[in-house]
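Enquirer: Just so we're aligned: 68 in numbering that gives the first Met the number 0 is position 69 of the sequence shown, and the numbers increase by one with no gaps anywhere.
Derived from the structure by calculation, the hints contain no laboratory data. The C-beta atom is built at its ideal place from N, Cα and C for all residues, glycine as well. Please note that a few of the clues may not be correct.
Here are the computed lysine to any residue pairs in the SDA-like style, where the Cα-Cα straight-line distance is at most 25 angstroms [stated by the list, open to error]:
hint, residue 1, residue 2
1, 24, 44
2, 10, 51
3, 51, 29
4, 51, 30
5, 24, 1
6, 24, 3
7, 51, 20
8, 51, 16
9, 12, 51
10, 10, 40
11, 24, 11
12, 24, 40
13, 31, 53
14, 24, 7
15, 31, 57
Quick list of the computed label-pair ranges, beta carbon to beta carbon [unchecked claim]:
hint, residue 1, residue 2, range
16, 15, 61, 14 to 22 angstroms
17, 68, 3, 29 to 37 angstroms
18, 7, 44, 46 to 54 angstroms
19, 8, 33, 36 to 44 angstroms
20, 69, 4, 18 to 26 angstroms
21, 65, 17, 16 to 24 angstroms
22, 33, 56, 13 to 21 angstroms
23, 11, 52, 14 to 22 angstroms
24, 41, 11, 22 to 30 angstroms
25, 7, 34, 39 to 47 angstroms
26, 44, 0, 36 to 44 angstroms
27, 64, 14, 55 to 63 angstroms
28, 56, 8, 22 to 30 angstroms
29, 3, 41, 17 to 25 angstroms
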Amino acid sequence: MAEWEHYIRPKLKVARDRGHFDIHKTGTEILKSFPQNSARVTLQFEQFAADKPMADIPRYFLASLELVSIGP
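Using the sequences provided together with the hints, build the complete structure.
Expert: Printed below as a string of structure tokens:
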């Protein structure tokens with residue numbers, strides 16, 4: 000048990016320090032990355048996520064899945 004605690008505590012601290020995940024705020028950030036003057040634009044996730052911190056990629060991916068599921 001002590002070995003597991005030693006392993007998990009730093010990971011929990013990093014997660015706690017990253018703060019609360021607001022899926023709606025993240026989804027809004029994704030939507031704002033699209034050009035405003037175009038009705039239909041395809042943006043590859045890799046293009047969007049290229050300059051994002053690696054630790055935030057799962058959050059952006061989850062928010063993008065929610066956007067796809069609710070549709071236009």
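Enquirer: Tell me the numbers of any earlier hints that the structure contravenes, in ascending order.
Expert: 5, 6, 10, 14, 18, 20, 24, 27 and 29
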